[in-house]
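Number of protein chains: 2
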Amino acid sequence: MITEIAMLYIKEGSERQFEIDFSTASKYISSINGYINHKILKCLEQSHKYVLIVEWKSLEDHTIGFRTSPQYQKWKEILHHYYEPFPIVEHYKSL
Amino acid sequence: MITEIAMLYIKEGSERQFEIDFSTASKYISSINGYINHKILKCLEQSHKYVLIVEWKSLEDHTIGFRTSPQYQKWKEILHHYYEPFPIVEHYKSL
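So the sequences go chain by chain: A and B.
Residue 1 is where the first sequence starts when you use this note's numbering, and the numbers rise one by one after that.
Residue 1 is where the second sequence starts when you use this note's numbering, and the numbers rise one by one after that.
Same shape as in the complex, but just chain A (with noise of 0.2 Å):
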């Protein structure tokens, strides 16, 4: 199993709308072969960072499966107007 890790900067002032439409992407990231589940969080410390957190079955399943999916191209079309800047997405193992 890995774990994508994502440090999110949301542009200010649209984290309430982000929230929503994260919510509504969801969906499209779910579908995918291999996915385990995920989730976001909000800091407490930056009202407009979040963090999302996915457990994939492989590395493969996100960086090919998800990135060369048509439910990709959803995602970023519903999601990444909100980032800034761009967010670097690692993926981490357990030791």
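Rather than coming from a laboratory, the hints here were simulated on the basis of the structure.
As the structure is a computational prediction, the values presented were derived from the model and not from experiment.
Keep in mind that a hint or two might mislead.
[Claimed, not checked] Calculated pairs, EDC-like style, for lysine to aspartate or glutamate (alpha carbon to alpha carbon, straight line, at most 20 Å):
(1) A:LYS93 <-> B:GLU15
(2) A:LYS39 <-> A:ASP61
(3) B:LYS42 <-> A:ASP61
Starting from the known structure of chain A, arrange chain B on it as the hints suggest.
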């Protein structure tokens, strides 16, 4: 419930010893009131980067309960010398 997240950058070359010592130090954090669980994951893209994720019942269980405890002194003594730079610790809540 509050999730503490810290991105940890470990001095290069000391990753293996850090992992061993982290395992030893874990008993100190897990003995604190309000501690729910924790995990440490290793970054695939940057070999000296890790993420620490700890779930607490409340923010104060971490910021007061743990940080003013004798267990935190042991945790610091075992782990803090591995970090470069010293990590920024943040707290997150569910939407």
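Hints and how they fare:
1. A:LYS93 <-> B:GLU15: Distance of about 14 Å is within 20 Å: holds.
2. A:LYS39 <-> A:ASP61: Holds, because 17 Å separates the two Cα atoms, which is no more than 20 Å.
3. B:LYS42 <-> A:ASP61: Holds. B:LYS42 to A:ASP61 sits at ~18 Å (cutoff 20 Å).
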